[in-house]
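If you read the protein sequences in the order shown, they are chains A and B. Taking my numbering, I'd label the letters of the first sequence as residues 18 to 302. Taking my numbering, I'd label the letters of the second sequence as residues 3 to 226.
Please note that a few of the clues may not be correct.
What the hints assert, rightly or not - These stretches of chain A come out as covered by chain B in the derived footprint (C-beta under 8 Å, 3 or more residues):
#: 1; segment: 25 to 35
#: 2; segment: 46 to 56
#: 3; segment: 74 to 88
#: 4; segment: 104 to 114
#: 5; segment: 122 to 129
#: 6; segment: 156 to 165
Claimed, not checked - Taking lysine-lysine and the DSBU-like style, the derived pairs with C-alpha atoms no more than 30 Å apart in a straight line are:
#: 7; chain 1: A; residue 1: K168; chain 2: A; residue 2: K139
#: 8; chain 1: A; residue 1: K104; chain 2: B; residue 2: K107
#: 9; chain 1: A; residue 1: K124; chain 2: B; residue 2: K41
#: 10; chain 1: B; residue 1: K107; chain 2: A; residue 2: K135
In case anyone wonders, no lab produced these hints; they're calculated from the structure. All C-beta atoms, glycine included, are put in the ideal place defined by N, C-alpha and C.
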Amino acid sequence: MATPQEQIKRMTIIRHIIYALVAAAVVLPYIVKMDMPFSASKWSKKMYEAIDKLEPGSRVLLSFDYDPAAEAELYPMSMALLRHCFKKDLIPIVMTHWPDGVGMCKKACEEAAAESPKLWGKEKISGRDFALLGFRVGGADLILNMGENLKGAFTKDFYDEPTAGMAALEGVDSLRDIDMAVDLAAGIHVQVWIAYGHDRFDFPLGAGTTAVIAPKLYPFLQTDQLVGFLGGLRGAADYELMLEQSGKATQGMQAQSVTHVLLIVMIVVANARFIVNRLRGKQEA
Amino acid sequence: MWYKRTIPLVIVFVIGVLAFAHNYVPYPEADDFREHMTKWFMIIGGFGLFLGAYSLLHMHVSRIRRMQPGWAYSAFVFIGAAGMIIVGLWNDGYGPLESAPSTAKTWFDWGFDYVQIPCSATIFSILAFFMASAAFRTFRARNVNAALLLVAALLVMFGRVPASESVGAWFGQQGFFPKIADLIMEFPNLAATRGILLGMSLGAISQSLRILFGIERSYMGVGD
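The shape of chain B in the complex, shown without the other chains (with noise of 0.2 Å):
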């Protein structure tokens, strides 16, 4: 099975190494290959819109058709994205292939102000029930590393709010948690941070290398 094995490996070798290769090349065709390359690139991620447009829909149409609980919420997405679907291609008159004038508040417009933003958002706001209901359940300081934890947690929370600073200006220091809590994200947060920056990077240097030279083959289906 050359042609399902040795084919995309060599295609990722070759356009692995053209592509590191071509940054240490100061000729103007490096940069003409480059730009030519990263249109290729955009192309081939267009079209993975589609297959995302795809898995999304045939997720809901497999849900739908088994009746599985809450199967109805499934049949949402779908009216949804039919809704949008025909108020975009109809845009207000001017159909799919001109765009309305800047000035235009169009039905699309409207579904997008006044579905999905309040939407969306009052989604990603629930959080703030679940983070307050959590932290008072398990937020605990068990032994003295959970403990520095939730001392630095606490007064970084306080340190980012003005509260902080109408308690501080009490007692003749309104700046002064929060400089402690610039102090915890600039110092202990800081060198966390970027001890985890450089292990992710190390990690995906040495896992590209592997795909390079094909030892890692998981992507084409194929196990190590």
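Next up, chain A with everything else stripped away, as it sits in the complex (with noise of 0.2 Å):
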């Protein structure tokens, strides 16, 4: 029988050697190439239809509601909605309720403005077909308030450029004249924009959050709530993949593949060891 010293000792062990194999499973994939071919899930291809059946010159809200530390999952995202929509010229009005998130919207907007003539071809020059409207305290409030008066809630960009006579935002006065909206969340918003958006306003929503929030949102894709969904890293990777535009979702697909393998086997060892274990007390018993 091994003492408790020992038994932590062995504990210490046994996780050093789980951070290490969980290391080499995320950066083996980056050095050695493996093909993993996939196909895009029922709910990201829905996400991708709705916004591909928009008419040019639609407005498109992108709510990114996160921070840095969701940057993995939701940076990709937003770079693929965001050169969807300058493919298809669609205009996309950009915000945020994360004050983090600023330099997040900030990054993506001027990152695919940059690449869009080499992309596309197209120049995308801020105010007239991107607005950057930036941060603002409120939450539900401040959803219900653009809900009223949009130009209101915003009455100024980013750059400090007045809303009001912006080309972007011709014809946009509050929630109801916007053509779609796309809430990237790592936290609750989602909710919060069915609630206080879509229900009270009635616009089309989709919705693209960080793996860990994405079964909550399962009840209000059955109810049309919302029309589309990414989950994850694997939800960004889809939508490059219909876009066909591989990004760093993609990139990280075989990492993801390779880690979430290691620890099914894991469990899998860890709990055939736990069974015989059990057998064996039994039957000293």
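Fit chain to chain and form the complex, with the hints in mind.
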């Protein structure tokens, strides 16, 4: 029988082995190329189709409600959505409910606008082809306020330009005038957008979230309160696949595959050991 | 102490009833009221940010003053905050009252892109290591319920990654595992989530009514 000190020492060694294995599972697929084809999931396809069928010039509100901590999962999604909007000549209106989200919005808009001439042969200018509204406090109240008077809620954009005469916001007085909204969230904001935005002002709403939030949104998909949904890095990879623009999410799929398989093997091994020990204990008793 | 108890209770009741009732008034005045009220809430929310910043800094000042273990990390909070505030106010020479051109890459952007994003993303990614270790040590099929949860979790984990489609393709069924994962998410997960949502919503409604009618007064620092 091992002493408590020996047990702690053994668990520490096991923990370090697990950390090393996970690190290897994440890093190796970036070094050794693996070919793992995949197809887009049902809800990702619905999201893509909802945006793809919009007419050029349609206004798509993108609410990037996440901070740098969720960058790995949600930034590739933001880029894929902006690329899609620019490809289709839709006009994205970008905002955030998170103070730290401003930097993510700015980075994504500027990166997508900079690569647009090369990717789609289209120059995209702030204020004309997209609007970067930035951050305002308020959460649900901000959404309600935007539902009454969008330009009153955001009197100036991120670059200090007045929203009143902005070409990108022409004809958009409230949330009722937008053609679609997508919330990319690392928290509970999708539910807030559903309750205070979609249900009150009646516009199609899509969502993209980190993988841990994803299971909570299925009831809203069934009730059509969400037109589509991107869950975690896989959702972003699905979108990149449909857009035929391989990016960070697609690159991350191999690492995620190997890590998930490793976790499954570890859990199965641990349970096999647990069951064997239990049976042995019963036999000895 | 009527001004400490009665006045806040009256304000909460009146504003609460108005916020509720105006939704059922089909006149433009109700919309104007909503717009004004939401603006007020947003202004009050702005002060909440200052309160949060004050609370954070106060906590770290206390840690440094008492030289608690790890106080140097608290000093880092001030170094980081001061650095970002200074470069933010300087704004690459444009100052705090003017916006830098959209094409400009300011020092503030540099700090955000190359310090905050990598640091925050790194901290979040460490979760994968802890989750792997915790799953290996504690995720056990101790009884039938736990075994069901375990099997469902393994199927969803596998069905969500491209490896499952490669394995399925060996047997001529590329979409088999993703479909199983979707079924688990769309039926048992959906049912459980909806139950939790309904429970939470009912709880929120009852708590709101308690606050509105002055039964719940803990927000004023007073017990029931």
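Hint check:
1. 25 to 35: Result for this restraint: holds, n = 4.
2. 46 to 56: Result for this restraint: holds, n = 4.
3. 74 to 88: holds (count 5)
4. 104 to 114: As far as the segment 104 to 114 of chain A goes, the hint is violated, because 0 residues have Cβ atoms under 8 Å from chain B.
5. 122 to 129: holds (count 3)
6. 156 to 165: holds (count 6)
7. A:K168 - A:K139: With a Cα-Cα distance of about 27 Å, the restraint between K168 of chain A and K139 of chain A holds, given a limit of 30 Å.
8. A:K104 - B:K107: holds (25 Å)
9. A:K124 - B:K41: Holds. K124 of chain A to K41 of chain B sits at ~28 Å (cutoff 30 Å).
10. B:K107 - A:K135: Between K107 of chain B and K135 of chain A the Cα gap is close to 21 Å, so the pair holds against 30 Å.
Hint compliance for this structure: hint 4 is the single one not met.
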